[in-house]
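Peer 1: Chains as they are written, first to last, in our numbering: chain A, 1 to 115; chain B, 1001 to 1110.
These are computed hints drawn from the structure, not numbers from a lab. Among the hints, a few may not be true.
Below, simulated DSSO-like cross-link-like pairs (lysine-lysine); rule was C-alpha separation at most 30 angstroms, straight line [stated by the list, open to error]:
{"id": "1", "chain 1": "B", "residue 1": "Lys1069", "chain 2": "B", "residue 2": "Lys1003"}
{"id": "2", "chain 1": "A", "residue 1": "Lys62", "chain 2": "A", "residue 2": "Lys15"}
{"id": "3", "chain 1": "B", "residue 1": "Lys1102", "chain 2": "A", "residue 2": "Lys15"}
{"id": "4", "chain 1": "A", "residue 1": "Lys62", "chain 2": "B", "residue 2": "Lys1069"}
{"id": "5", "chain 1": "B", "residue 1": "Lys1102", "chain 2": "A", "residue 2": "Lys78"}
{"id": "6", "chain 1": "B", "residue 1": "Lys1102", "chain 2": "B", "residue 2": "Lys1003"}
{"id": "7", "chain 1": "A", "residue 1": "Lys78", "chain 2": "A", "residue 2": "Lys11"}
{"id": "8", "chain 1": "A", "residue 1": "Lys15", "chain 2": "A", "residue 2": "Lys78"}
{"id": "9", "chain 1": "B", "residue 1": "Lys1052", "chain 2": "B", "residue 2": "Lys1102"}
{"id": "10", "chain 1": "A", "residue 1": "Lys11", "chain 2": "A", "residue 2": "Lys71"}
{"id": "11", "chain 1": "B", "residue 1": "Lys1054", "chain 2": "B", "residue 2": "Lys1102"}
{"id": "12", "chain 1": "B", "residue 1": "Lys1054", "chain 2": "B", "residue 2": "Lys1069"}
{"id": "13", "chain 1": "B", "residue 1": "Lys1003", "chain 2": "B", "residue 2": "Lys1054"}
{"id": "14", "chain 1": "A", "residue 1": "Lys11", "chain 2": "B", "residue 2": "Lys1102"}
{"id": "15", "chain 1": "A", "residue 1": "Lys62", "chain 2": "B", "residue 2": "Lys1054"}
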Amino acid sequence: EAGVVQSPRYKIIEKKQPVAFWCNPISGHNTLYWYLQNLGQGPELLIRYENEEAVDDSQLPKDRFSAERLKGVDSTLKIQPAELGDSAVYLCASSTRLVGMDEQFFGPGTRLTVL
Amino acid sequence: LAKTTQPISMDSYEGQEVNITCSHNNIATNDYITWYQQFPSQGPRFIIQGYKTKVTNEVASLFIPADRKSSTLSLPRVSLSDTAVYYCLVGDGRDDKIIFGKGTRLHILP
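Bound-form chain A, shown alone:
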């Protein structure tokens, strides 16, 4: 079974430029998460989708970040414009609803460097 696919794996941009990350979750997983992870820190949730619906986007900086999950499958996270402080790893995860907390399956992440 294929895991969570993310692209690109690495991205280097200059500040004020836009950037987009793509995620394809595990087939059949209706829940999709985007996380941000800074060096030495744990992942921080940005947004959680249940199918097409964003059920928790309270931590998403909506002035510059946006996300979509059309058709409830793959998802795109966008930053426009990027700032120096956005340099981090962006992780996507997916899950199916189980008893208790979901077992989340993570992709390898996209490492963003903003110059």
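Let chain A serve as the given structure and place chain B on it in line with the hints.
Peer 2: Leaving out everything else, chain B in the frame of chain A:
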């Protein structure tokens, strides 16, 4: 919202049993306890989840005392490849925020 507290780092030797304890004094009735492992340049990987008493799988055991205010992840006979960051999460997965915290950096020595 139940917060967790873990040691920042731990060292152990190959072949030893490693126990990582997580404190969660404000755990709610519906909350589960979940542990993830993360290697460098990879996303976290689910290890184990439990609600009470003891849970064991092929990778680890999770011990939860009756008051559920703490839990202990036990890794039997660790190897160098168990060097990673281990995160303890508490929540019901529905209304709670998902918080990984800083985790515990486990370093296995030869």
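Peer 1: None of the hints should be skipped; say for each whether it holds.
Peer 2: How the hints compare with the structure:
Straight-line distance between C-alpha atoms of Lys1069(B) and Lys1003(B) comes to about 11 angstroms, which keeps the hinted pair within the 30 angstroms bound. Our distance criterion of 30 angstroms between C-alpha atoms is met by Lys62(A) and Lys15(A), whose separation comes to about 17 angstroms. As the CA atoms of Lys1102(B) and Lys15(A) are separated by approximately 28 angstroms, the hinted pair is consistent with the 30 angstroms bound. Under the criterion of a C-alpha separation no larger than 30 angstroms, the hint pairing Lys62(A) with Lys1069(B) is inconsistent with the structure, at around 36 angstroms.
With a C-alpha separation of about 25 angstroms, the suggested pairing of Lys1102(B) with Lys78(A) holds against the 30 angstroms cut-off. Taking the CA atoms of Lys1102(B) and Lys1003(B), the gap is about 12 angstroms. The hint holds against a cut of 30 angstroms. Proximity of Lys78(A) to Lys11(A) is assessed by CA-CA distance (about 13 angstroms); at most 30 angstroms being required, the pair is judged to hold. Proximity of Lys15(A) to Lys78(A) is assessed by CA-CA distance (about 14 angstroms); at most 30 angstroms being required, the pair is judged to hold.
For the proposed pair Lys1052(B) and Lys1102(B), the alpha carbon gap of about 24 angstroms is at most 30 angstroms, so the pair holds. For the proposed pair Lys11(A) and Lys71(A), the alpha carbon gap of about 26 angstroms is at most 30 angstroms, so the pair holds. Between Lys1054(B) and Lys1102(B), the direct Cα distance comes to roughly 25 angstroms. Compliance with the 30 angstroms bound is thereby established for this hinted pair. A threshold of 30 angstroms between alpha carbons decides the hint, and for Lys1054(B) with Lys1069(B) the separation of about 14 angstroms falls inside it, so the pair holds.
Restraint check for Lys1003(B) and Lys1054(B): satisfied, since their Cα atoms lie roughly 21 angstroms apart, inside the 30 angstroms limit. With a CA separation close to 25 angstroms, the supplied pair Lys11(A) and Lys1102(B) stays within the 30 angstroms bound. Restraint check: the Cα-Cα separation between Lys62(A) and Lys1054(B) comes to about 42 angstroms, which exceeds 30 angstroms; the hinted pair is violated.
This entry does not satisfy hints 4, 15, going by the numbered hints stated previously.
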